[in-house]
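Please construct the entire structure, taking both the sequences and the accompanying hints into account.
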Amino acid sequence: MKTFAESNFPGRLIAVEGLDGSGKSTQIYLLKRWLEAEGIKVYFSEWNSSELVKSATSKGKKRELLTPTTFSLIHATDFADRYERHLVPLLRAGYIVLCDRYVFTAFARDVTRGCPAEWVRGNYSFACAPDLTMFFKADLDVSLNRILEGRPKLKFFEAGMDLGLSKDPYESFKIFQGRILEQYMAMSKEFNFVTMDANVNVEKQQVIVRKLVSEKIDLKKFKRRSPLPLPPSLAGDREAIEAEEDKAA
Amino acid sequence: MSAKKSHKFYGHGIPRVKPEDLGGKLIVVEGADGSGRSTQIAELVAWLEISGRPTVQVGLKRSTLVSEELEKAQDGNVLSRTTLSLFYATDFADQLSNIIIPALKAGFIVLADRYIYTLMARDLVRGMDEKWLKNLYGIAPIPDAVFYLSVEPEELVQRNLSKNATLDYWESGMDLGMSRDVFDSFLKYQSAMQSAFKAMQKTYGFDIVDANRSANAVNKELRKKISSVIDAD
Chain A
-17 MKTFAESNFP GRLIAVEGLD GSGKSTQIYL LKRWLEAEGI KVYFSEWNSS ELVKSATSKG
43 KKRELLTPTT FSLIHATDFA DRYERHLVPL LRAGYIVLCD RYVFTAFARD VTRGCPAEWV
103 RGNYSFACAP DLTMFFKADL DVSLNRILEG RPKLKFFEAG MDLGLSKDPY ESFKIFQGRI
163 LEQYMAMSKE FNFVTMDANV NVEKQQVIVR KLVSEKIDLK KFKRRSPLPL PPSLAGDREA
223 IEAEEDKAA
Chain B
62 MSAKKSHKFY GHGIPRVKPE DLGGKLIVVE GADGSGRSTQ IAELVAWLEI SGRPTVQVGL
122 KRSTLVSEEL EKAQDGNVLS RTTLSLFYAT DFADQLSNII IPALKAGFIV LADRYIYTLM
182 ARDLVRGMDE KWLKNLYGIA PIPDAVFYLS VEPEELVQRN LSKNATLDYW ESGMDLGMSR
242 DVFDSFLKYQ SAMQSAFKAM QKTYGFDIVD ANRSANAVNK ELRKKISSVI DAD
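As you go down the protein sequences, you meet chains A and B in turn.
131 is the number that my numbering gives to position 149 of the first sequence; each next residue is one higher, with no gaps.
If you want my numbering, it's the position in the second sequence, counting the first as 1, plus 61.
Calculated from the structure, these hints are not laboratory results.
Take these hints with a grain of salt, some might be off.
[Stated by the list, open to error] Straight line, CA to CA, 27 Å or less: simulated DSSO-like cross-link-like pairs of lysine-lysine: (1) B:K133 <-> A:K41; (2) B:K263 <-> B:K281; (3) A:K41 <-> A:K23; (4) A:K43 <-> B:K79; (5) B:K122 <-> B:K166; (6) A:K36 <-> B:K133; (7) A:K41 <-> A:K149; (8) B:K195 <-> A:K(-16); (9) B:K166 <-> B:K286; (10) B:K79 <-> A:K149; (11) A:K44 <-> B:K133; (12) B:K263 <-> B:K69; (13) B:K133 <-> B:K79; (14) A:K(-16) <-> B:K122; (15) A:K44 <-> B:K122; (16) B:K263 <-> A:K43; (17) A:K135 <-> A:K36; (18) B:K122 <-> A:K41; (19) B:K79 <-> B:K192; (20) A:K149 <-> A:K135; (21) B:K286 <-> B:K263; (22) B:K166 <-> A:K43; (23) A:K193 <-> A:K43; (24) B:K122 <-> A:K43; (25) B:K122 <-> A:K36; (26) B:K69 <-> B:K79.
Keep in mind it's a predicted model, so treat the numbers as computed, not measured.
Have a look at this one:
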């Protein structure tokens, strides 16, 4: 699996992976805010968010129609749609693309559900590897507590109820998440995950995330050439900023 | 029908399904629109059921899970190649899990109005990687018989036009941009599809049936061949 850099894309892709409740979404959101403020061309893409495929996925989940095979394929379809229509053009245009979950989520989940690893990986083989994958590793209990704290109603597939691990959704969720964590750990080295200690506090983690990103990627190459158009109410500010920039230059 | 169980899969198969649990018969009829496929299948189902054999039908874009969404996506022609391919694979896998596998387990006859071969041929013509497709469709059980209804592209044009007075965008391969003219594109695309099928024949052992003939003549041949498959046990 070649990275986007190795495949000569001008853009770079950064992915975060980890269990539900590992805090990865917060971290990538804060990273996005920082990059935007730095004037970097940045795009954020979330797992399972393709408009076109979404209605089928949610129908399948609600009506509990999915088998491990169709669960895997419908997520691959969702990913392919985002990959072909958004990620590839943006990466060719020199964007930094941030992905909250990438193919490794499928590798971990679908294999836990019983799909053969080679089959799942083969289906996703059209995708390049991220240029940086941060794996947020919290203690299983910490992640579980974050999710289960308010005793939310766990969804059928989210809890891995289709695997028949336990009749109790909470028990099932715990076993399921534990197995997914094992899958993540097993591929960590093969796919060059940078493991982040998700037990430390959010601010400290973000300092490390930003440091990692700026070490790995020469960010100034990804600055916008022209400023983003601003709404009229803010346009005055922009002019002032530009005037200052001109002075500095 | 004596139940000589077991069907092999092309590749990895699907989780929690043992090949030795799959009895019944899986019979596939392939062919372009206008090859007489639907007519033949309707006749075959009637014949099988009247002779007392439980029969179920599957086909493309018929899954509960994604058929509507797939239809919508195709109308808008908004999906890229890999996405469309995976969407069709999802549609196939849903029918596989919910219809084909249970029916075979119960010893039924499954008649497939097209199968993975049409899906693969369409993608191969569009330049997709064969290895990728083979892995993807490794979930499919190997049928007991596959009949490819072969009709010359020129004859297909006549049949499609006499039925619909127009040539379908996708069946003409207009997305490939081979020609802006739908008539030319149809002929080019259907020849390319035929070549793809002929290339696959060696690997998958299709029975090529000359469907330039009358529906009756074709049906007679199909019945004879299917009888020998069903009575083989």
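Hints, verified against the model:
no.: 1; hint: B:K133 <-> A:K41; result: 15 Å, holds
no.: 2; hint: B:K263 <-> B:K281; result: 25 Å, holds
no.: 3; hint: A:K41 <-> A:K23; result: 35 Å, violated
no.: 4; hint: A:K43 <-> B:K79; result: 25 Å, holds
no.: 5; hint: B:K122 <-> B:K166; result: 23 Å, holds
no.: 6; hint: A:K36 <-> B:K133; result: 13 Å, holds
no.: 7; hint: A:K41 <-> A:K149; result: 23 Å, holds
no.: 8; hint: B:K195 <-> A:K(-16); result: 22 Å, holds
no.: 9; hint: B:K166 <-> B:K286; result: 23 Å, holds
no.: 10; hint: B:K79 <-> A:K149; result: 25 Å, holds
no.: 11; hint: A:K44 <-> B:K133; result: 21 Å, holds
no.: 12; hint: B:K263 <-> B:K69; result: 18 Å, holds
no.: 13; hint: B:K133 <-> B:K79; result: 35 Å, violated
no.: 14; hint: A:K(-16) <-> B:K122; result: 34 Å, violated
no.: 15; hint: A:K44 <-> B:K122; result: 21 Å, holds
no.: 16; hint: B:K263 <-> A:K43; result: 40 Å, violated
no.: 17; hint: A:K135 <-> A:K36; result: 21 Å, holds
no.: 18; hint: B:K122 <-> A:K41; result: 16 Å, holds
no.: 19; hint: B:K79 <-> B:K192; result: 24 Å, holds
no.: 20; hint: A:K149 <-> A:K135; result: 14 Å, holds
no.: 21; hint: B:K286 <-> B:K263; result: 19 Å, holds
no.: 22; hint: B:K166 <-> A:K43; result: 25 Å, holds
no.: 23; hint: A:K193 <-> A:K43; result: 39 Å, violated
no.: 24; hint: B:K122 <-> A:K43; result: 19 Å, holds
no.: 25; hint: B:K122 <-> A:K36; result: 17 Å, holds
no.: 26; hint: B:K69 <-> B:K79; result: 9 Å, holds
Of the numbered hints listed earlier, those contradicted by the structure are 3, 13, 14, 16 and 23.
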